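> Spelled out, the chains give:
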Amino acid sequence: MMRQVLIALLLVVPAACSLTRGARNPAAAAASSEAAPADAEAAANAPAPPAPTRQYHLSGAASALVTQAHARAAAGDYPAATATLERALRIEPENPLTWIELGRVQLAAGNAAQADNMGHKAVALASGDPNAQAAAWRLISDALRVRGRNQEAATASARADTLAPH
Amino acid sequence: MVRRPRKYRLRRLLLGGVLGVLVAGVVLVGLFYIYVDHVVTQQFQGRRWTLPAQVFAAPLELYVGAPLSLSDLTAELARLQYRARDKLDRPGSYHLQNDRIEIALRATRFADEMRAAQTLSIAAGARSIEVLRDSGGHDLPILRLDPLLIGSIFPTHGEDRIVVTPAEVPALLPAALKAVEDRKFDTHHGVDPAAVARAMWIDLRSHQIAQGGSTLTQQLVKSYFLDSRQTIGRKAREALMAIALESHFSKTDLMNAYINEIYLGQDGDRAVHGFGLASQFYFGKPLGEIELSELSLLVAIVRGPSYYDPRRHPERALARRNLVLKLMADLSVITPQDAQSASSRPLGVTSRGAGAYYPSYLDFVRRTLRRDYRDSDLTQEGLKIFTSLEPRAQDEAEQTLDRELTRLERSRRPTNASLDGAIVITAPASGDVIAIVGGRRVGYSGFNRALDAARPIGSLVKPFVYLTALETHRYNLASIVQDAPVDIRLPNGGHWRPVNFTHQTYGPVPLVRALAESLNLATVAVGMDIGVTHVAQTLQRFGLERAPAQVPALLLGAVNATPVEVAQLYTGLANGGYRTPLRAVRAVISASGEPLKAFPLELTPIAQPDVVFEVDQMMQQVIERGTGRAARTVLPADLVVVGKSGSTSDLRDSWFAGFSGSHLEVVWVGYDDNHPTGFTGAAAALAVWSRVLAGLGTTSWSAATPESLTDVSIDYLTGLQLEAGCKDKNNDAIRIAVPVSTQLAKQPGCVGALEPGFAERVGERLRAIIHK
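Which chain is which? The protein sequence lines are H and G, in order. Numbering of the first sequence is given in this note's numbering, commencing with residue 1 and proceeding in unit increments. Numbering of the second sequence is given in this note's numbering, commencing with residue 1 and proceeding in unit increments.
Hints were generated in silico from the structure; no laboratory data involved. Here the structure is a predicted model, which is why all the values come from computation and not from measurement. Glycine is no exception: its CB is placed at the ideal position from the N, C-alpha and C atoms. Possibly wrong hints are sitting among the right ones.
[Said to hold, decoys possible] Quick list of the computed label-pair ranges, beta carbon to beta carbon:
(1) Pro67(G) to Ala74(H): 28 to 34 Å
(2) Leu596(G) to Arg147(H): 58 to 64 Å
(3) Phe447(G) to Glu152(H): 46 to 52 Å
(4) Asp529(G) to Arg147(H): 26 to 32 Å
(5) Thr155(H) to His675(G): 55 to 61 Å
(6) Ala591(G) to Arg147(H): 20 to 26 Å
(7) Thr74(G) to Arg147(H): 32 to 38 Å
(8) Ala74(H) to Val39(G): 53 to 59 Å
(9) Glu152(H) to Ala637(G): 44 to 50 Å
(10) Leu490(G) to Thr155(H): 47 to 53 Å
(11) Asp372(G) to Thr155(H): 49 to 55 Å
(12) Thr742(G) to Thr155(H): 24 to 30 Å
(13) Thr155(H) to Asn731(G): 42 to 48 Å
(14) Ser135(G) to Glu152(H): 32 to 38 Å
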């Protein structure tokens with residue numbers, strides 16, 4: 001037990017001051033439900049604020065496509081919105097924000113299972129960016145709620161709030 | 001006395017007979033005309049050419065930051081047959097000045113929208129686009145070039161055509177056709193008796209029926225209703241049908257039908273019909289954009305598409321083209337000056353096989369569509385099919401395969417058989433198939449090795465053995481496994497005693513090294529521990545369609561797969577544990593532009609992202625230290641890629657499969673007759689794989705370490721953890737990720753044996769404080 005507390009402390013302390021690689025782990029501590037983070041919280045006497053190590057944003061090209069996709073989705077043309085977002089995805093396949101947008105359109109089109117998968121894919125890609133991760137968890141939460149899995153939806157939503165409070 | 005009446009009677013009989021025959025003939029001809037008239041109007045009235053589906057490549061996306069140099073751009077414009085001009089003129093041209101290029105885009109149909117013609121201006125540096133503006137000088141966020149037409153789906157031995165409306169036809173074309181083929185077209189009633197007489201006279205003198213003398217209407221009839229045998233009876237029928245047609249349809253109608261109907265060339269099984277397709281077939285551009293010299297060549301070809309084939313008989317074609325130009329000038333259709341200057345132009349025909357013709361890829365497209373469409377839908381309905389093909393990547397892959405195979409063959413004793421190969425390239429995040437090379441002889445639609453050569457995958461299976469092991473949570477990348485002789489008793493009483501490629505054993509090795517160096521014995525030890533059944537299940541989860549035989553030899557790749565199937569298997573590894581179905585077709589739209597079918601991206605979770613990350617890290621060491629290290633001499637030093645080699649018994653098959661951040665590539669090299677190649681996966685397939693990847697301008701594999709894992713340093717040879725105080729004497733330290741709570745055995749004799757990375761973290765903290 002002592003050792004775990006020590007590990008947790010060692011992980012959290014550097015994170016508070018630096019934005020280097022090592023700081024990815026506290027985010028893990030906050031997002032996972034293993035024993036160590038609980039201990040970390042106890043030791044630090046406050047919830048560990050996730051320290052961003054990167055911040056995703058959309059490029060000009062991708063954001064123009066996202067805007068176009070929103071217009072198409074608003075008009076109810078989900079296949080065209082999807083096609084537009086896939087163009088953005090080809091330009092930025094590793095950007096979690098594009099996957100979240102694609103998941104949102106899937107959800108609107110009634111394809112909650114795909115939205116859920118895309119949300120999880122975005123969570124993995126967004127490692128180190130709590131805002132992007134929170135957006136991904138909110139998508140997952142909405143997708144779960146549509147499928148009637150309210151309990152899990154609430155958990156996902158709480159996870160999002162821990163990462164990036166509203 | 002007796003003879004005269006007989007003579008008289010005979011004469012009367014003869015006269016009567018002749019009269020009777022004449023009357024009967026007239027009646028017959030009359031009846032026949034009525035019949036012909038009926039047939040002609042019926043068939044021609046509701047005429048509708050069967051329109052083969054047209055297949056398009058992915059359009060090139062232009063945006064600021066797009067990794068395209070000016071020469072990449074001009075190469076793409078050349079593929080699309082845009083012409084370089086001193087000043088921007090009609091759509092389909094561009095103007096290059098210093099680092100700036102202005103393009104007059106054609107009106108274009110995309111899968112999801114129609115775009116009007118417009119101009120744009122681009123400034124590009126050595127590596128990427130820096131400025132993208134419209135004609136008004138406003139910055140454009142993103143814009144697509146036209147999708148390249150890469151082929152059509154026509155019936156076997158069938159007609160292919162692109163139908164054009166009168167508005168799409170250059171005004172000069174009907175004029176040129178009339179001048180050369182049928183000067184009295186505007187006034188005759190279907191036949192031109194003077195021309196027929198002239199032709200008959202020439203035919204009689206040469207004792208054969210060769211001379212035309214047919215009006216455009218007769219030629220149309222012949223092509224539309226009849227086959228090409230020339231007999232007197234057929235000639236008569238043709239003339240009657242021509243007269244019938246003329247009585248019902250306008251000259252404009254007939255001219256347009258002629259322009260769309262007439263046969264203008266042969267491309268293997270495909271018959272090129274109509275000027276719309278001929279313009280694409282010979283010049284690679286729309287009919288509306290052809291120039292006088294090109295138009296004259298097409299008109300020249302009408303007389304004999306085989307005899308005047310500009311690719312096989314350029315001198316004949318050139319002579320006849322210039323004759324056409326002269327005739328046009330003689331009849332004042334064009335000025336003598338224009339004729340003169342057009343006559344001095346080269347033929348300008350694009351080379352076949354170079355670009356815009358990708359039979360291996362089309363084969364894949366056709367098979368994909370067969371699941372949803374009947375053959376007749378594809379060959380008759382004028383569908384437009386939008387694919388993921390990237391012509392740049394496809395060209396790169398085709399050229400590299402041939403070049404490397406030639407080089408490899410030179411390095412060996414000459415054999416009768418020719419070394420062959422296949423390449424599949426995809427964008428793993430979306431599952432888009434961007435290139436397929438089915439063999440060395442590109443441009444021939446023969447055996448498609450990428451789709452049909454199912455071969456044992458050898459060591460390509462190993463990442464799935466280790467993935468299955470990691471999923472048990474009993475292994476990590478630093479786990480020690482024994483590379484020692486194994487003897488497995490088979491159910492049939494026999495024994496299986498595999499050996500390493502080097503015929504040596506390596507003793508205790510960390511998991512990461514066992515994969516990187518493709519150690520067979522260590523892999524079998526791990527595989528037998530976790531169970532062959534589980535490995536087989538993993539393969540099926542990742543997309544292997546046939547259930548593999550659950551025998552120990554499966555652990556070393558005793559399972560057949562085609563290059564495309566391997567690409568599907570590796571997609572899950574490249575895509576963070578999600579399977580995305582490979583797709584060549586993005587969308588299908590109808591002839592009128594209505595969307596019919598989309599093939600949207602789908603994700604299916606098939607493995608935990610962290611486990612896949614660990615496997616990818618092992619495969620990174622294949623390139624850095626293992627069987628794939630030769631790639632490092634070819635790839636840019638800072639480009640991170642991952643992959644795995646595969647060879648089968650007696651080196652019959654040489655494989656390499658792997659991926660970067662944006663591309664997944666699978667290469668197979670071998671002989672069709674399954675003859676040993678003498679090359680390992682590392683020797684042959686890797687040489688192709690790395691050179692193709694280097695030519696694609698790809699991005700690094702850069703997945704973030706999952707939050708359940710932590711980065712540590714270990715000794716590659718022993719698997720012992722290296723802490724901050726440990727000296728990396730032999731350059732054997734590698735960074736790997738292990739589950740957060742993992743306890744690793746540590747390299748003895750180092751300071752700071754507290755907790756994983758403790759000294760390192762303290763050092764970082766100190767540095768951070770000092771720098772503040």
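> Is 32 to 38 Å respected by the C-beta to C-beta distance linking Ser135(G) and Glu152(H)?
With Cβ atoms ~53 Å apart, the hint is violated.
> Has the hinted range 28 to 34 Å been met by the Cβ atoms of Pro67(G) and Ala74(H)?
holds, 32 Å
> Quick check: does the Cβ-Cβ distance between Asp372(G) and Thr155(H) fall within 49 to 55 Å?
violated, 40 Å
> Starting from the hint 47 to 53 Å, judge whether the C-beta atoms of Leu490(G) and Thr155(H) obey it.
The hinted range 47 to 53 Å holds for Leu490(G) and Thr155(H), with Cβ atoms some 49 Å apart.
> Given the hint of 20 to 26 Å, check if Ala591(G) and Arg147(H) actually sit that far apart at their C-beta atoms.
Roughly 39 Å apart at Cβ, these two residues miss the hinted range, so it is violated.
> Range first: 44 to 50 Å. Now tell me if the beta carbons of Glu152(H) and Ala637(G) are that far apart.
At roughly 46 Å between Cβ atoms, Ala637(G) and Glu152(H) fall inside 44 to 50 Å, so the hint holds.
> Within 26 to 32 Å or not, the Cβ separation of Asp529(G) and Arg147(H)?
violated, 38 Å
> At the C-beta level, are Thr742(G) and Thr155(H) separated by a distance inside 24 to 30 Å?
About 27 Å separates the Cβ atoms of Thr742(G) and Thr155(H), which means 24 to 30 Å holds.
> A range of 42 to 48 Å was offered for this pair. Does it hold for the Cβ distance of Thr155(H) and Asn731(G)?
holds, 46 Å
> Taking the Cβ atom of Leu596(G) and the Cβ atom of Arg147(H), is their distance within the range 58 to 64 Å?
violated, 29 Å
> Okay, Phe447(G) versus Glu152(H) on CB: inside 46 to 52 Å?
holds, 51 Å
> Evaluate the given range 53 to 59 Å for the C-beta pair formed by Ala74(H) and Val39(G).
holds, 55 Å
When held up to the earlier numbered hints, the structure conflicts with 2, 4, 6, 7, 11 and 14 and fits the remainder.
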